[in-house]
Each structure stands twice: as C-alpha cells, then as structure tokens.
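Visitor: For reference, the chains in residue letters:
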Amino acid sequence: MTLFSKFDSLAQDREALLSVGFDPFGTPIEEVYSPTEAKIDGRRVVLAGTNNYLGLTFSPECLKAAHEALDQQGTGTTGSRMANGSFAGHRALEQELSEFYNCRSTIVFSTGYQANLAVISGLTQKGDVIVIDADCHASIYDGCKLSGADVIRFRHNDPEDLNKRLKRLGDRACDALVMVEGIYSMLGDRAPLQEIVDVKKAHGSYLVVDEAHSLGVLGETGQGLVEETGLLADSDFIVGTFSKSLGSVGGYCSSNHPELDFLRYTSRPYVFTASPSPSVIASTRAALPLLRDGNHLRKQLWANATKLYNSLSELGYQLGPEVSTVVAVMLDTREQALAFWRGLLEQGVYVNLVFPPATPGNKSLVRCSVSAAHSEEQISAVCEAFKNLRHLAD
Amino acid sequence: MTAEYNEVLERLGKQLEIIAGDKIKFDESTDLVEGLGLDSFKVLDLLLEVEDEFDISVPMNVLTDVRTVKDMAQRIHELGPKSA
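Protein chains in written order, with the numbering used here: chain A, 1 to 394; chain B, 395 to 478.
One should not assume that every hint holds.
[What the hints assert, rightly or not] To give an idea of the chain A side of the interface with chain B (calculated C-beta under 8 Å), a few residues:
#1 D150
#2 V151
#3 R155
#4 R168
#5 R292
Everything labelled a hint here was simulated from the structure, so no lab data went into it. None of the values given here were measured: they were computed from a predicted structure. The beta carbon of each residue, even a glycine, is placed where N, CA and C say it ideally should be.
Bound conformation, chain A alone:
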C-alpha cells in the first residue's frame, strides 16, 4: 500500500468514463449563450441539468448590479470577514434575507456547502446529537463529521422512523438537531414537513430545513417548503444557497434564535474562508426581489416540470416519486447511465450523471433540472431525446 494506492480503482473507473470523449464529471462548457443553452463538444445544447430554476443568471438587473459592484468595489474581498471586515453588501444582503424570512438574523456564507458545514459544526459539538434524513446532501454529512457530535440517521422521509430514533435518545432528544431538506436533490421529492415538525415538537428538538433546491421554487414568495407548508415559524434554522434559484454563488442561514450570531466567532467554515466577492453579493441582492415577486416564473417552472415529468413517465421511465423541478431517471447500471448521458448529449441535451453511492437505492441517475427559462420547444426537445433513447433503459 502506498499513499496513492487508494486511487487505483478510481483510475480504472475514470478510464471507462473517458471513453465518452471527456470526463462527464467535468464536462467542458465551451460557451454559454443563455440560462438554458450552451456549446458543448462543438454543438449547441439545451442545458437541462444546471439547477438554474428561475433562469436568473442572465437577468439584466443582476448583470447590471454585478457590473456596478465590480467597478465600484473591485474583484474580491481578499479574505475573511473576521480579518478583512464586512462589506456594506454583505450586511445589506443579510438584512434583506432576514426581512425575506421575517426573522431576527441571517449569516451569509461563501457557498451553500459551507453554509451547512458552518451551521452544523457551529451549532453542535462532541456530546451533542444530530439526527439527519438518510438522503441528506453530502454537505450535511460533512458538517456532521466536522462537528464531532453523535450522528443518527433516520429513514428517508419517514417521520415515524424519526420519532422512533428520537425516542431512543431519551433526554438527549430535547437538544437534538434534526436536519431535513425542502426538496431532496437526487430524486426531487419534498420532505413531509408537517409530520416532521410534529415529531420534533413532541421531543422538543431543533429543526434545520435546507431549502437549497426549494428556495424560489416553492411558496407564494419563494421562501421554500417552509412557506408552502406554512411552517416557517416552526423551523428553527433555514439554510439555503444562492447558486440555484438566485443564479450566483454563496449560502445563508436565517433564524430567530439569537445564538445564530455566535457562529460568526465560532464556526470555522465562516471564520477561516474568504467572504463572497462584491459582484456576487450585488447580483444576489438584485435577484432576491425577482425571486420574491417571481410567481410568474414559478408558474412557468412548474408547468415545465410537470410536462417533463409526465412525458418521461408516459415513456415508462422509472422516476422519482412526485412531479418536481428535479426529474431523475433511475437506471440499473453505471454503463447504462453513461451511455444514456452520452446519447442525450449527442441529441443536444445536457443533464447530470450521478453514480452510487451518492444515489438512493444504489441506482445510477441521469438527472434533469427544469428552469422557468426553458421554452416549450426546449422541453419538447428534451422529451424527444429521451424518447429516442428509450431502448437504452431496458
């Protein structure tokens, strides 16, 4: 065994991946034309795997705000907020997110991944207990590892199972941090939030809802699942990302618990990393009101999602359990999924390829994400490509 022996099997797997001409886990995007179109492998393709739910990446308001911030404040902050200070935009965005969620305070982080790392490892430590849905995102698992707390999983979207596991914890349950997601990233299913809230209340636990894939997508003003279900006040911490519906990069946590602000001093993923650059903050701030007032975008988004989901379902594909803005086709083997992914690209459609163990049920996925910016013709083109490749799923 050498230092590098651990990469032997990965090297073999990568050889198979590269047989398609380039690495599907680092697809070269040669040019970007719009939120839904780019040039890949020399051809113009429909982007159907970029989580650009509201299609705001080319919004004139966001572009203008980013350009102005770039000219006025420069390209970067060159360090952490603890060392280099908080720019006016950082503070303003935190205030605006607090108003958006009607809560006491918000902290902005440099990425959504770091938001989960910072919140989980900041709120908990060795001796505490975190109870997470089994299908939670890797950032949640990594945050748990960083915290040193005891971590218990419960079966995906199963409030009864959560209840059973909290019960086993006895007195520790009342200080447990329960983690769920608004929409789960792999299969696009929502958490049964009302039942989860009922369970966490019965045990006196704390609830974190990660709205990464549901911000801008669910609720009258796009707050996420907490708004759609009317459970904002029952959710202790809301975590989310700017890199999907808000079209930039970064993350946040909003809460009424005054203790959230202590994370600015104790949470290493906040303290020891560079803060978001001014242009990123500016475009995010410009996108937030568009998201809040974007019911027309949400309506279009869900019309597109429903059309894609129903079309693929009618074609006999095995999909996630409900109509969603994430539409994942489940396939039995990696080889099948890789051939499928390459076939879609040849037909002018870019989606995501996901392999186990990152997937539920040990399935391989070709995963689409729908955008409000997709035209009817583009959604039809995606459906047509899946129709042409149907034989590969047998």
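Here the structure of chain A is known, so what remains is to put chain B in place on it, guided by the hints.
Guide: Just chain B, lined up with the frame of chain A:
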C-alpha cells in the same frame, strides 16, 4: 466471550445477510468493506438495521473504529442491546 456477546454476534450475522446477501460467508474477522463488499452507504444502512434489531442508538461516528464484524459486535454489546 459471554453468552450475551455471542447472542449479539448471531443477531448481527442475520442483519449482515440481509444487507450483503445470504451467500456471502463471513466470520468475526471479516472486514465489512473489503470482505463483504459493503460501500460506505451500505454500512450506514446496516447501522439503521442494527439500531432497530437491538433497539439502541448507534451514532455514525462509531464507524470510525469499526472495520470488522467483531468490531461492530463489540460496539453493539457495549451499547447495551435489548433482548430479541
């Protein structure tokens, strides 16, 4: 080994058969990953089954020190499993 430990081992073996398949042969020294071919998420799923079988909480963190069937059985034994 005590009778209680042997009972844990026997019940754990049944859970391993559910996760890894009943054709796989194993003993106390079998490595969960290399010997039984369990990937990281299958080991976590095994933990869910173990918690229910023994009616105990087994934090994921204990896996840091668990490599073999014996390691897992010992952790369960230490956590005070309930009788079947």
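Visitor: Now, for every hint given, state plainly whether the structure supports it.
Guide: We went through each hint and held it up to the structure:
{"no.": "1", "hint": "D150", "verdict": "holds (4 Å)"}
{"no.": "2", "hint": "V151", "verdict": "holds (4 Å)"}
{"no.": "3", "hint": "R155", "verdict": "holds (7 Å)"}
{"no.": "4", "hint": "R168", "verdict": "holds (5 Å)"}
{"no.": "5", "hint": "R292", "verdict": "violated (37 Å)"}
Hint check: a violation occurs at hint 5 only; the rest are consistent with the structure.
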